[in-house]
Amino acid sequence: MANTKLLGVLAGGVGLLLAAMPALAHHSFAAEYDAAKPVTLKGTVTKVEWMNPHARFYIDVKDDSGTVTNWEFELGSPNGLMRAGWTRNSLKQGDEVSVSGSLAKDGSHLANARSVTLADGKKVFAASSENENKQ
Amino acid sequence: MKRQSHLIVTGAALLGSLSLLSVPAAAQGRGPQQGGPDYLGGCVAGTPDPPAANAGAGRGAGAGRGGAGNAAIGRGRGRGAQADPAPAPRLPDNKEAYGVNAGKPDFGGLAKGMWNVPYIVNMATQGTNPDGTTPIVVPCNAQAVKIFQVRQDNKMKDDPEGFCLPPGVPRMMYTPYPTEIFQLPDRILFIYEGGAHVWRIIWMDGRELPKDPNPNFLGYSVGHWEGDTLVVNSVGFNTETWLDAAGHPHGEQMKVTEKFTRPNMNTLRLEATIDDPEYYTKPWTVVTTATWRQGQELMEYICQENNRDLGHIGAERGK
Numbered sequence: 001m002a003n004t005k006l007l008g009v010l011a012g013g014v015g016l017l018l019a020a021m022p023a024l025a026h027h028s029f030a031a032e033y034d035a036a037k038p039v040t041l042k043g044t045v046t047k048v049e050w051m052n053p054h055a056r057f058y059i060d061v062k063d064d065s066g067t068v069t070n071w072e073f074e075l076g077s078p079n080g081l082m083r084a085g086w087t088r089n090s091l092k093q094g095d096e097v098s099v100s101g102s103l104a105k106d107g108s109h110l111a112n113a114r115s116v117t118l119a120d121g122k123k124v125f126a127a128s129s130e131n132e133n134k135q
Numbered sequence: 136m137k138r139q140s141h142l143i144v145t146g147a148a149l150l151g152s153l154s155l156l157s158v159p160a161a162a163q164g165r166g167p168q169q170g171g172p173d174y175l176g177g178c179v180a181g182t183p184d185p186p187a188a189n190a191g192a193g194r195g196a197g198a199g200r201g202g203a204g205n206a207a208i209g210r211g212r213g214r215g216a217q218a219d220p221a222p223a224p225r226l227p228d229n230k231e232a233y234g235v236n237a238g239k240p241d242f243g244g245l246a247k248g249m250w251n252v253p254y255i256v257n258m259a260t261q262g263t264n265p266d267g268t269t270p271i272v273v274p275c276n277a278q279a280v281k282i283f284q285v286r287q288d289n290k291m292k293d294d295p296e297g298f299c300l301p302p303g304v305p306r307m308m309y310t311p312y313p314t315e316i317f318q319l320p321d322r323i324l325f326i327y328e329g330g331a332h333v334w335r336i337i338w339m340d341g342r343e344l345p346k347d348p349n350p351n352f353l354g355y356s357v358g359h360w361e362g363d364t365l366v367v368n369s370v371g372f373n374t375e376t377w378l379d380a381a382g383h384p385h386g387e388q389m390k391v392t393e394k395f396t397r398p399n400m401n402t403l404r405l406e407a408t409i410d411d412p413e414y415y416t417k418p419w420t421v422v423t424t425a426t427w428r429q430g431q432e433l434m435e436y437i438c439q440e441n442n443r444d445l446g447h448i449g450a451e452r453g454k
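If you're matching them up, the sequences are chains A and B in order. Residues 1 to 135 (the numbering used here) make up the first sequence, in order. Residues 136 to 454 (the numbering used here) make up the second sequence, in order.
Some clues are possibly wrong.
Claimed, not checked - When the alpha-carbon atoms are kept at most 27 Å apart in a straight line, the in silico DSSO-like pairs for lysine-lysine are as follows:
#1 K346/B / K247/B
#2 K42/A / K123/A
#3 K390/B / K346/B
#4 K47/A / K122/A
#5 K454/B / K105/A
#6 K281/B / K105/A
Hints listed in this document are in silico derivations from the structure and should not be mistaken for laboratory results.
Hey, can you work out the whole structure from these sequences and the hints?
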């Protein structure tokens with residue numbers, strides 16, 4: 001029974017891939033991120049934190065000179081992502097991804113992820129707290 | 136009497152803040168769905184009548200707001216919010232089992248499902264007046280305008296909810312986290328997934344509100360039925376919460392009256408009236424709606440688990 005239910009949720013989630021599903025934000029988006037500073041980065045996932053209040057993941061990004069920088073991306077809450085059909089295994093360490101989002105205002109290597117695309121073109125985590133608290 | 140002195144002060148503040156009015160109305164653009172911090176109209180007394188177009192766009196703010204995400208979340212699980220909704224269910228007319236709630240609208244406790252709570256950043260622009268129009272003209276006094284504008288200027292960085300503290304009342308119904316409502320014979324219990332994963336009791340046993348309640352986040356609440364409307368009166372709030380993420384303030388003397396109805400199967404309507412002479416020249420009312428999600432369940436949400444935003448935001452408690 002649990003399996004049927006899970007399948008139902010996953011099947012439903014597929015339709016959501018590109019939907020701008022509002023995620024659950026518990027803090028001010030504008031205080032932390034700058035929607036006017038979009039960023040797109042490609043790299044390798046080094047860690048996924050499937051925790052409240054926001055799921056987060058980290059990627060190593062190599063620049064033209066070969067220097068590697070670790071970037072942190074914030075998503076919606078795990079519950080919001082799970083209701084949209086994602087799981088804690090949707091994105092894994094070692095995945096090659098392209099991430100678009102908004103940069104943090106404090107200049108740290110942090111951004112709010114708006115869309116995450118795997119190397120094969122598949123989108124994951126089409127959710128962002130930005131959608132809910134737009135400036 | 137105290138009100139009148141506030142009224143005079145507000146008149147002065149109103150004139151001083153009129154310059155802010157034109158910006159918000161124009162900046163609305165897509166209407167109340169954009170409750171961004173550049174919108175200052177929510178706490179400027181004397182906002183002129185909204186343009187017709189704006190009022191129209193805002194008509195469905197409560198439901199529509201959640202709609203964007205809710206439609207997606209609720210897909211494939213029974214009827215959608217837009218389908219012709221069934222009438223609201225009722226509790227069995229059995230006094231022994233259901234006490235004061237017998238025969239009254241069932242707010243969902245007997246079913247498997249949950250209420251999808253909208254994310255209301257700014258009550259004034261995302262809620263509606265009782266007649267469905269927007270924006271709400273919030274009768275802020277000078278002090279409220281000052282505080283609200285400081286919070287807006289700070290991009291709402293000090294919002295207590297960012298600290299994983301309970302959002303307060305009525306804001307528990309403005310967080311984007313779902314809730315369930317259980318009607319016991321002599322009380323009604325709300326359990327909330329988020330904000331702060333807390334619960335709230337509405338006493339329905341006829342008791343009076345306490346005279347000198349210990350101030351806390353969700354206050355002290357008593358309720359009664361007026362026909363099919365659950366009326367909840369609450370006092371005893373601390374000042375650790377903002378009324379909304381936009382930063383509408385409140386004081387310890389705030390009284391909140393909530394009228395809950397379930398006009399149909401899918402809709403929980405909340406008409407909340409804020410009465411707080413410390414910050415507002417008269418009581419004001421906000422209507423929002425939550426949407427029923429048949430078959431969905433609450434999940435654990437411990438906000439404190441990994442709350443790493445505060446450092447980046449530079450948030451401070453008690454602002």
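So, going through the hints one by one against the coordinates:
1. K346/B / K247/B: violated (38 Å)
2. K42/A / K123/A: Satisfied, since the Cα-Cα distance of roughly 14 Å is no more than 27 Å.
3. K390/B / K346/B: Answer holds: K390/B to K346/B is near 12 Å, not above 27 Å.
4. K47/A / K122/A: holds (19 Å)
5. K454/B / K105/A: Holds, at about 20 Å.
6. K281/B / K105/A: holds (25 Å)
When each numbered hint is compared with the structure, a violation occurs for hint 1 only.
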